[in-house]
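Student: Letter by letter, the chains look like this.
2 protein chains.
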Amino acid sequence: MHRTLSTLFLSAAAVLLPAALTRSVSAEDKPNFIVVFCDDLGYGDLSGFGHPTIATPHLDRLAAGGQKWTSFYAADNVCTPSRAGLLTGRLPLRSGMASDTKRVLFPDSAGGLPATEITIAESLKELGYATACVGKWHLGHLPEFLPTRHGFDSYYGIPYSNDMNRLDRETSQFALAEKESFAAYDVPLLRDEEEIERPVDQRTITRRYTEESVKKIREFKDGPFFLYLAHSLPHIPLFRSAAFKDRSPAGIYGDVVEEIDWSVGEIVASLEETGVAGRTLIVFTSDNGPWLTFDTHGGSAGLLRDGKGSTWEGGQRVPTVMSWPGKLPPGVVREMGSTLDLLPTFVTLAGGTPPQDRILDGHDLSPVLFGTGPSPRTEMYFYQGAQLYAVRKGPFKAHFTTYTSYVKQKPFPRDPPLLYHLGEDPSERFDIAAKHPDIVAELKSLAESHRKSIVPVEDQLAKVIGGE
Amino acid sequence: MHRTLSTLFLSAAAVLLPAALTRSVSAEDKPNFIVVFCDDLGYGDLSGFGHPTIATPHLDRLAAGGQKWTSFYAADNVCTPSRAGLLTGRLPLRSGMASDTKRVLFPDSAGGLPATEITIAESLKELGYATACVGKWHLGHLPEFLPTRHGFDSYYGIPYSNDMNRLDRETSQFALAEKESFAAYDVPLLRDEEEIERPVDQRTITRRYTEESVKKIREFKDGPFFLYLAHSLPHIPLFRSAAFKDRSPAGIYGDVVEEIDWSVGEIVASLEETGVAGRTLIVFTSDNGPWLTFDTHGGSAGLLRDGKGSTWEGGQRVPTVMSWPGKLPPGVVREMGSTLDLLPTFVTLAGGTPPQDRILDGHDLSPVLFGTGPSPRTEMYFYQGAQLYAVRKGPFKAHFTTYTSYVKQKPFPRDPPLLYHLGEDPSERFDIAAKHPDIVAELKSLAESHRKSIVPVEDQLAKVIGGE
Numbered sequence: 001m002h003r004t005l006s007t008l009f010l011s012a013a014a015v016l017l018p019a020a021l022t023r024s025v026s027a028e029d030k031p032n033f034i035v036v037f038c039d040d041l042g043y044g045d046l047s048g049f050g051h052p053t054i055a056t057p058h059l060d061r062l063a064a065g066g067q068k069w070t071s072f073y074a075a076d077n078v079c080t081p082s083r084a085g086l087l088t089g090r091l092p093l094r095s096g097m098a099s100d101t102k103r104v105l106f107p108d109s110a111g112g113l114p115a116t117e118i119t120i121a122e123s124l125k126e127l128g129y130a131t132a133c134v135g136k137w138h139l140g141h142l143p144e145f146l147p148t149r150h151g152f153d154s155y156y157g158i159p160y161s162n163d164m165n166r167l168d169r170e171t172s173q174f175a176l177a178e179k180e181s182f183a184a185y186d187v188p189l190l191r192d193e194e195e196i197e198r199p200v201d202q203r204t205i206t207r208r209y210t211e212e213s214v215k216k217i218r219e220f221k222d223g224p225f226f227l228y229l230a231h232s233l234p235h236i237p238l239f240r241s242a243a244f245k246d247r248s249p250a251g252i253y254g255d256v257v258e259e260i261d262w263s264v265g266e267i268v269a270s271l272e273e274t275g276v277a278g279r280t281l282i283v284f285t286s287d288n289g290p291w292l293t294f295d296t297h298g299g300s301a302g303l304l305r306d307g308k309g310s311t312w313e314g315g316q317r318v319p320t321v322m323s324w325p326g327k328l329p330p331g332v333v334r335e336m337g338s339t340l341d342l343l344p345t346f347v348t349l350a351g352g353t354p355p356q357d358r359i360l361d362g363h364d365l366s367p368v369l370f371g372t373g374p375s376p377r378t379e380m381y382f383y384q385g386a387q388l389y390a391v392r393k394g395p396f397k398a399h400f401t402t403y404t405s406y407v408k409q410k411p412f413p414r415d416p417p418l419l420y421h422l423g424e425d426p427s428e429r430f431d432i433a434a435k436h437p438d439i440v441a442e443l444k445s446l447a448e449s450h451r452k453s454i455v456p457v458e459d460q461l462a463k464v465i466g467g468e
Numbered sequence: 469m470h471r472t473l474s475t476l477f478l479s480a481a482a483v484l485l486p487a488a489l490t491r492s493v494s495a496e497d498k499p500n501f502i503v504v505f506c507d508d509l510g511y512g513d514l515s516g517f518g519h520p521t522i523a524t525p526h527l528d529r530l531a532a533g534g535q536k537w538t539s540f541y542a543a544d545n546v547c548t549p550s551r552a553g554l555l556t557g558r559l560p561l562r563s564g565m566a567s568d569t570k571r572v573l574f575p576d577s578a579g580g581l582p583a584t585e586i587t588i589a590e591s592l593k594e595l596g597y598a599t600a601c602v603g604k605w606h607l608g609h610l611p612e613f614l615p616t617r618h619g620f621d622s623y624y625g626i627p628y629s630n631d632m633n634r635l636d637r638e639t640s641q642f643a644l645a646e647k648e649s650f651a652a653y654d655v656p657l658l659r660d661e662e663e664i665e666r667p668v669d670q671r672t673i674t675r676r677y678t679e680e681s682v683k684k685i686r687e688f689k690d691g692p693f694f695l696y697l698a699h700s701l702p703h704i705p706l707f708r709s710a711a712f713k714d715r716s717p718a719g720i721y722g723d724v725v726e727e728i729d730w731s732v733g734e735i736v737a738s739l740e741e742t743g744v745a746g747r748t749l750i751v752f753t754s755d756n757g758p759w760l761t762f763d764t765h766g767g768s769a770g771l772l773r774d775g776k777g778s779t780w781e782g783g784q785r786v787p788t789v790m791s792w793p794g795k796l797p798p799g800v801v802r803e804m805g806s807t808l809d810l811l812p813t814f815v816t817l818a819g820g821t822p823p824q825d826r827i828l829d830g831h832d833l834s835p836v837l838f839g840t841g842p843s844p845r846t847e848m849y850f851y852q853g854a855q856l857y858a859v860r861k862g863p864f865k866a867h868f869t870t871y872t873s874y875v876k877q878k879p880f881p882r883d884p885p886l887l888y889h890l891g892e893d894p895s896e897r898f899d900i901a902a903k904h905p906d907i908v909a910e911l912k913s914l915a916e917s918h919r920k921s922i923v924p925v926e927d928q929l930a931k932v933i934g935g936e
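Sequence order for the protein chains is A and B. Residue numbers are given in the numbering used here: position 40 of the first sequence equals residue 40, and the series is strictly consecutive. Residue numbers are given in the numbering used here: position 389 of the second sequence equals residue 857, and the series is strictly consecutive.
Calculated directly from the structure, the hints in this document are not laboratory data. Keep in mind that a hint or two might mislead.
[Stated by the list, open to error] With a straight-line Cα cutoff of 27 Å, these simulated BS3-like cross-link-like pairs (lysine-lysine) come out:
| # | chain 1 | residue 1 | chain 2 | residue 2 |
| --- | --- | --- | --- | --- |
| 1 | B | K903 | A | K245 |
| 2 | B | K713 | A | K245 |
| 3 | B | K713 | A | K435 |
| 4 | B | K903 | A | K179 |
| 5 | B | K931 | B | K920 |
| 6 | A | K463 | A | K102 |
| 7 | B | K795 | B | K683 |
[Said to hold, decoys possible] Derived, one-sided and incomplete: chain B residues facing chain A with beta-carbon distance under 7 Å:
| # | residue |
| --- | --- |
| 8 | G512 |
| 9 | G518 |
| 10 | P520 |
| 11 | T538 |
| 12 | F574 |
| 13 | P575 |
| 14 | P717 |
| 15 | A718 |
| 16 | G719 |
| 17 | T742 |
| 18 | T761 |
| 19 | T764 |
| 20 | L771 |
| 21 | R802 |
| 22 | E892 |
| 23 | D893 |
Backbone N, C-alpha and C fix where the C-beta goes; we use that ideal spot for every residue, glycine too.
Isolated chain A (complex conformation):
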């Protein structure tokens, strides 16, 4: 039924925009898309983004032959809303996936990504793509919300965060990771909609996601495909396979990131082996910043301020690498981009038209990808739950409310707002609001217009199993 709905939307769009839809991209010209999405990987956690002790040679190579994006944003600063934003191209508040009741979905949640939302997978399926979801979902674990109900032909992964359903509450999560006590977390592994292992052995999870992804790439090699590989790490608790144990000078966090880097190498190798590397766009990024309160088990935002759970840059700016051999001019991209932009970018490259019947917050990044023009993304909106805390336009970012992540403090209203120039001051250290009243006024007015575009919808994060 949901697929029918999505077909209807596309048909409606076709009526409105026949010219756009007749622009056909032949099956052979339809690029494959792979999104490798990490969990809590910080801006500073890759070698190419300045980490001194974590070795990421596969990502370094991917970036050297492709593009390193230095101003790329996750759709939100925590897990569930960030994923909703990526898959729908819409700010999570629009789908009820961001709220002030809870930040993310939990094992007792009854909500999830509504069927009325159109995901990248659904859009691409309509255009003839094979689709697979591997890894962490976190957009609803009840059957009606699973990847298989949102446009993915198959699913293999865990339905929510790897630290949920913790059984052993006596032991600290640090100690559990060191003991590799995966059994302390009653997290299921699903194949499509079926539970196949519980608790999942998290020590081999990155390896198994990778094997599944490589299998899918081989299976899909003849047609266009979309693979969404959402690693459940380096979210704490940290686990890695035997081959990566005690390998990194950066400790267990480094081991985990280095295994993800290995995974990227395997993906790239399988694309080369199957001869489809030249028609595959890979996007490697993260769902939000590092979880700084977990000491050496949390990552680093590099020179950015704060981390996960915050509207400072460290919360939402994520280390991003894109690659499409022979197509993307290699280099460092300093233009803005966001996971919100992936849906319109992919759908357009596949010859389709992004949904026209609803507000999309994403833009087609093709001009930046192919080096033909500036980024259509000139603004970014930073939410804490359902509240707009900050707005960026060009190099300027205004904070209307600030909050340091994961500390027991109240949000701090800022009037006048704080203003930073992210070009000259990427660490958000020097408030220049007093010097630029005009820019402050412009950003305030931008925030007001934006707020008006938000239509209240049902809060998916508030719904509890057995609840009202």
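With the hints as your guide, set chain B onto chain A.
Tutor: Relative to the frame of chain A, chain B by itself:
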């Protein structure tokens, strides 16, 4: 006379070590050495070290084809002692170039690098090298201390920091930079030992250093040479030539670093054009961390703690790139190294023997350069003036005294010392001394042994013109 002295030292070494000196490297096999030394460039200020808005494509390319060193230290955390350490391979305290009286030399200083010290230039001259010094010296501006008295065939540059002899004390240095008021700093430009311009027009200084360097490379192309190019920027006040004005989204600081990056491109191009790229080792690094108190006119230490003037990592760990096409296996080097190591490395590669009659603090880094073994540098000593504040051995760093740079506070003795694991915690956030009493004891004992190796010498920084 100074050259005679240095000849005597080398002769003495020859008597002691005939076998070593008879190991001859033919003139053609003697590599050229270029050191590009920046002033106050922070660990996080290059694109490859994680800066999001400063574009350094030439250095990115140099690193991609060569080695990015992520754990490379300047010899000290401020200018004069750092430079003394680089050129002599000895901790600056051993030559009287670090002291508790002053941190650096000033225009009224009467001291400088003693003639009894042996510089890289002197060592290489003995081995048949042509030598040139271009840029900032800061090891004594009286004639007897100039580069031409320390083994350099020629000199073109400024004798001390670019913010010294400031005339306009009414205007802030920020404002002066924005107005490009180079005339507010009565800094001379020297050609060999002669003043040729005063005040030097700092707007064109990076370009002119580059032109001089390229000229020297062309002149030296047939024989082995050593070029020491010590940029006087991005030390504040910031200046750049017209071509780089308002070019970087990172503002004037970015413009300045981007002009230095351009300069690196010119150096590399001239090596290729003269056909000597394949026999030239380039080392690009910085004299200390970023001057954080100067807001957007100071750089960034990336994820490292604190900056210039501090014994935290941000003060002394510097962004370092080495390149020698066809010789160095490309990659990221996480082993330790220091500017202290350049003298023994260069002299050994040139077929010579480093001075044997004195304590050297440097090591021959060849095993790391050529990928044949681990770094001989396993320890690093961090001084504040004449006081040992911290010691690193392997991944562990113990702080016996801490001090936040450029704030009005007293040094804070730490007993027990603070202990950090720089592999897992490069930002020095989590003190683990209590968990590792054995390592604390080992580092304490290392510090004690090291202190015993220091022999008191005349304090060069205390000497004032017309003084006692």
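Student: Next step is simple, just say for each hint if it's right about the structure.
Tutor: Verification of the hints:
Restraint check: the Cα-Cα separation between B/K903 and A/K245 comes to about 22 Å, which is no more than 27 Å; the hinted pair holds. Taken as a hint, the B/K713 and A/K245 pair is broken in the structure, with Cα atoms around 49 Å apart against an allowance of 27 Å. Note on B/K713 and A/K435: the hinted pairing holds, with a Cα-Cα distance of about 22 Å set against a maximum of 27 Å. A hinted pair counts as satisfied when its Cα atoms are at most 27 Å apart, and B/K903 with A/K179 qualifies at roughly 18 Å.
Using a Cα cut-off of 27 Å, the hinted pair B/K931 and B/K920 holds, with the two alpha carbons roughly 25 Å apart. Using a Cα cut-off of 27 Å, the hinted pair A/K463 and A/K102 holds, with the two alpha carbons roughly 10 Å apart. Between B/K795 and B/K683, the direct Cα distance comes to roughly 25 Å. Compliance with the 27 Å bound is thereby established for this hinted pair. Residue-level restraint check for B/G512 holds (minimum Cβ-Cβ distance to chain A is 5 Å; threshold 7 Å).
Using the Cβ-Cβ criterion of 7 Å, the hint placing B/G518 at the interface with chain A is satisfied: the shortest such distance is roughly 2 Å. A cut of 7 Å between beta carbons decides the hint on B/P520: the least distance to chain A is about 4 Å, and the hint holds. Interface hint status for B/T538: upheld, as the beta-carbon distance to the closest one in chain A is roughly 4 Å, under 7 Å. Taken as an interface hint, B/F574 does not check out: its beta carbon lies about 29 Å from the nearest beta carbon of chain A, beyond 7 Å.
The beta carbon of B/P575 comes no nearer than 31 Å to any beta carbon in chain A, farther than 7 Å, and the hint placing it at the interface is violated. Taken as an interface hint, B/P717 checks out: its beta carbon lies about 4 Å from the nearest beta carbon of chain A, inside 7 Å. The interface hint given for B/A718 holds, since its Cβ lies 5 Å from the closest Cβ of chain A, which is under the 7 Å cut-off. Evaluation of the B/G719 hint against chain A yields a held restraint, the C-beta minimum of about 4 Å falling below 7 Å.
For the restraint placing B/T742 at the interface with chain A, the shortest Cβ-Cβ distance is roughly 27 Å, beyond the 7 Å limit, so the hint is violated. Taking 7 Å as the C-beta contact cut-off toward chain A, the hint placing B/T761 at the interface is violated, the least distance being around 11 Å. At a threshold of 7 Å, the smallest CB-CB gap from B/T764 to chain A is about 4 Å, leaving the interface hint in force. Of the supplied interface hints, the one on B/L771 holds, with its beta-carbon coming within about 5 Å of a beta-carbon of chain A, less than 7 Å.
Taken as an interface hint, B/R802 checks out: its beta carbon lies about 6 Å from the nearest beta carbon of chain A, inside 7 Å. Proximity of B/E892 to chain A holds as hinted, the smallest CB-CB distance being about 4 Å (cut-off 7 Å). Look at B/D893: its Cβ gets to within about 5 Å of chain A, closer than 7 Å, so that hint holds up.
In this structure, the hints that do not hold are numbers 2, 12, 13, 17, 18, in rising order.
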